[in-house]
Amino acid sequence: MADSLEFTRKEFPFLRREIDGRPIVYLDSASTSPKPQCVIDTVNGVYQHTAANVHRGIHTVADEATEAYENARREVAKFLNASPSEIIFTRNATEGINIVANGLGLMPDDEVVLTPAEHHSNYLPWRLRARIVPVGLSTDGFPIYADLQKVISLHTKIITLAHISNTTGIIAPVEHWVEAAHSRGLPVLIDAAQSASHIPLDVRALDCDFLVLSGHKLLGPSGIGVLYGKRERLAKLSLYQTGGGMVRYHSEDRFEVQDVPQRFEAGTPNIEGAIGLGTAVKWLRSLGMERIMAHSKSLGRQLVHGLETIPGIHIIAASAPLESRIGLVTFNLKVPGFSQDALARLLCDRYQILVSGGFHCAHILHHRLGFEGTVRISTHVFTTHEEIDKVLSALHELTDTYCR
Amino acid sequence: MAALPVLTKKDLRSYVPDGFIAEKYKCKEGFASGEIEMESTSGTAEERVSVVWNQKWWDRSELAAAKLNAVLNNIFSRPHREAVLATPACSGNLCHVGESPMRERTIGNLLFLNQTPDPTAWDNKNIRRMVEELESFQPDIIEADPAYLSILSKACLSAGYTLCQPKCIVLTYEFPSQIHYRQIHRAFPGIPVVSSYGSTETGHVFTQCEAGSFHQNTATCYVDIQPLKTKFGNPDLGRILVSTLDNPWFVLLRYDVGDIALLNTGKECSCGRADGLIVPGVEGRTRDITFDTKGRIVTLKQLDDALEPATALLNYHLAQADAQHYSMSYEADPATQLNSADILPDILHRLYSSDAIIEIARDSALVPEQSGKFRLAHTAWPLQAEEFF
Chain G
2 MADSLEFTRK
12 EFPFLRREID
22 GRPIVYLDSA
32 STSPKPQCVI
42 DTVNGVYQHT
52 AANVHRGIHT
62 VADEATEAYE
72 NARREVAKFL
82 NASPSEIIFT
92 RNATEGINIV
102 ANGLGLMPDD
112 EVVLTPAEHH
122 SNYLPWRLRA
132 RIVPVGLSTD
142 GFPIYADLQK
152 VISLHTKIIT
162 LAHISNTTGI
172 IAPVEHWVEA
182 AHSRGLPVLI
192 DAAQSASHIP
202 LDVRALDCDF
212 LVLSGHKLLG
222 PSGIGVLYGK
232 RERLAKLSLY
242 QTGGGMVRYH
252 SEDRFEVQDV
262 PQRFEAGTPN
272 IEGAIGLGTA
282 VKWLRSLGME
292 RIMAHSKSLG
302 RQLVHGLETI
312 PGIHIIAASA
322 PLESRIGLVT
332 FNLKVPGFSQ
342 DALARLLCDR
352 YQILVSGGFH
362 CAHILHHRLG
372 FEGTVRISTH
382 VFTTHEEIDK
392 VLSALHELTD
402 TYCR
Chain L
278 MAALPVLTKK
288 DLRSYVPDGF
298 IAEKYKCKEG
308 FASGEIEMES
318 TSGTAEERVS
328 VVWNQKWWDR
338 SELAAAKLNA
348 VLNNIFSRPH
358 REAVLATPAC
368 SGNLCHVGES
378 PMRERTIGNL
388 LFLNQTPDPT
398 AWDNKNIRRM
408 VEELESFQPD
418 IIEADPAYLS
428 ILSKACLSAG
438 YTLCQPKCIV
448 LTYEFPSQIH
458 YRQIHRAFPG
468 IPVVSSYGST
478 ETGHVFTQCE
488 AGSFHQNTAT
498 CYVDIQPLKT
508 KFGNPDLGRI
518 LVSTLDNPWF
528 VLLRYDVGDI
538 ALLNTGKECS
548 CGRADGLIVP
558 GVEGRTRDIT
568 FDTKGRIVTL
578 KQLDDALEPA
588 TALLNYHLAQ
598 ADAQHYSMSY
608 EADPATQLNS
618 ADILPDILHR
628 LYSSDAIIEI
638 ARDSALVPEQ
648 SGKFRLAHTA
658 WPLQAEEFF
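Protein chains in written order, with our numbering: chain G, 2 to 405; chain L, 278 to 666.
Source of the hints: derived by calculation from the structure; they are not laboratory data. The beta carbon of each residue, even a glycine, is placed where N, CA and C say it ideally should be. It is possible that some hints are incorrect.
[Said to hold, decoys possible] Over the 12 Å line for every Cβ pair with chain G, so calculated as not near, a few chain L residues:
#1 Ser291
#2 Glu306
#3 Phe308
#4 Met315
#5 Ser327
[Unchecked claim] Below are the SDA-like pairs computed for lysine to any residue, each with C-alpha atoms no more than 25 Å apart in a straight line:
#6 L:Lys287 x G:Ile314
#7 L:Lys506 x G:Leu355
#8 G:Lys335 x L:Gly375
#9 L:Lys650 x G:Ala395
#10 L:Lys303 x G:Ala395
#11 L:Lys301 x G:Pro337
#12 L:Lys333 x G:Pro337
#13 L:Lys305 x G:Arg57
#14 L:Lys303 x G:Asp401
#15 L:Lys333 x G:Cys404
#16 L:Lys303 x L:Ser291
#17 L:Lys301 x G:Cys404
#18 L:Lys287 x G:Ser394
#19 L:Lys303 x G:Ile314
[Claimed, not checked] Example chain L residues on the side facing chain G (calculated, C-beta under 10 Å, incomplete):
#20 Lys287
#21 Glu312
#22 Ser317
#23 Gly375
Here chain G stands alone, though its shape is the one from the complex:
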């Protein structure tokens, strides 16, 4: 099978790494992604040529730093089809969710509707402040999105869901949820931590109120993320942190805060991270997100078809339409004597194939399914069909050798 994006591999120095003298196969991009050379060069360039804060200096280099930082905001806005004024740089998706959860002024009797497949980061910030109301879950781990209308109540204050779950790998019907929520006057937050790398994002078309993502999964640096919010929604959120940069006037008797987005960017931001993220999303856009989505879905299909031929495998959300799956599949493979961790480790030790093993920060989903862990294979733009063949072949070899 030809790989339309195979040419991108040369851009990733990390993919040349070896373990025990043999080349690696990296299939753990849902955890974090390698960085292309352009992002590495950008971050290096910031350190080599810049020593200035943003929005504060009055010299040439400070102006350049501010310009580069705001250009990155513009790049992210283009990537999401948003306005730069709706883009807040955060540490990661988790912080974006926490800003919203904190800012809504939730009370213990308020309800937050979500799915049982959410990552901890889209579960715990809400759980800390309000009552969690999850929709149902099918026996194979696919959230029953159609349950939404049944669980919305007078106490519901927000609806939130992963655009693509980090365990199911399925594109959620977010448009339907947004429509249902808005018909009841409720805001929607979309966790796009996984989807941002695999499918085109258009916050105008989605009409979501908030959307969060993490830079490190999106070929960008760690420690940088994005909270998108409609301006009127962001303006109503209470302050999350206070400090320098977010205030325009401060005297002994009062202070005035900046407008969004600076209102939520207290203190010196992760300047090089934001600029690096700007480069990453620009590079992805240059490849074409439609093309990336087609590639990801093609890898997902190959994975599911291949995994289905392995006896004793339980693919999470296998009943979901194949067309909705990206190149991310999580499964529980019953191999006598092997925990899911042990399987993942053996894939690394014997075959140098790097995957995730464990609970993937989705304990609720695993508890519901009764799994003591799963193995997750996740792809990115550089992943090839040949690599998927390798992991499938390794899993076949393991089950042929160790299963009845």
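Please build the complex by placing chain L on the supplied structure of chain G, with the hints as guidance.
Frame of chain G, contents of chain L only:
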């Protein structure tokens, strides 16, 4: 035996499990019957390996090792209870480890005491819980990571809690330092403390006898020590190479566990046992060696022994940056008359040479590595064991 190549952790990673299972045994059947399962060791990323775990063989190894110490032998010859204090039971770093009630942590005759990966974060509630559980469980043996038991001992002594006194304490999991022994002896006065050396891969290899020597567990392993090259120091030091016996599911031949021992200099042990190898001590991990400024190896035990006069030390970590630069962080008991800071430079200069450049800093809390183990010394550069032996 010495003509055979050394088996490394890299070899284990490459060929486990099939490469180490005796030909007539079918691993598929072993896994299916539940006789064996795959496990991972808890080492650092570099050292972590997958192993074939054979519980029955492990139990045989443990029982045979217990015979090498009179107190342990007496306890193991009848039903007994054992409390385990180490990193949480799960070896997978992605596992879902949460708090669970004592009954769920009691498996057969074992009580797993600890539930958190960092013992320096134990609060009073945690300490109290462990004290109460020990009192309720009344173990015959406490099997502990020495660093963990030392921290528990110190906390109980400070808080005035009385710890249940077992018949014996077994220290294993990592190198037992004098800083650990001091606290443990204070909290468990008069209780025999036995050091047991082994690994997940090899089972129980050496047991410390009543006289203090380490005796090879001849029932389940063969040990040979590959001497240190003379240019690196005392050739009586060597790396421990273990060949497993009587375990068809995980046959290891001259496996480098990653530790160093001091060879016996020909003396017999006063305990009267004569079978197998007898060594005065296990010197710590190969990856924890440091070097004096002439390039001679300093084992962890040599460092630890040198630090004996610094009795106020609670914990330490020595990092060697290059051939001449060393930095030591240490914790000291605030309640004790502090002598450590004054004497540490002299101690370290005697050990590493007078031209060593040494920085010493007091720390409030040295924390364990990701594996849950404390590392007392290391060099800033990676070490290849093959170079030294």
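Against the structure, the hints come out as follows:
no. : hint                : verdict
1   : Ser291              : violated, 6 Å
2   : Glu306              : violated, 9 Å
3   : Phe308              : violated, 3 Å
4   : Met315              : violated, 4 Å
5   : Ser327              : violated, 5 Å
6   : L:Lys287 x G:Ile314 : violated, 29 Å
7   : L:Lys506 x G:Leu355 : violated, 37 Å
8   : G:Lys335 x L:Gly375 : holds, 24 Å
9   : L:Lys650 x G:Ala395 : violated, 33 Å
10  : L:Lys303 x G:Ala395 : holds, 19 Å
11  : L:Lys301 x G:Pro337 : holds, 19 Å
12  : L:Lys333 x G:Pro337 : holds, 17 Å
13  : L:Lys305 x G:Arg57  : violated, 66 Å
14  : L:Lys303 x G:Asp401 : holds, 12 Å
15  : L:Lys333 x G:Cys404 : holds, 22 Å
16  : L:Lys303 x L:Ser291 : holds, 19 Å
17  : L:Lys301 x G:Cys404 : holds, 18 Å
18  : L:Lys287 x G:Ser394 : holds, 22 Å
19  : L:Lys303 x G:Ile314 : holds, 22 Å
20  : Lys287              : holds, 5 Å
21  : Glu312              : holds, 9 Å
22  : Ser317              : holds, 5 Å
23  : Gly375              : holds, 9 Å
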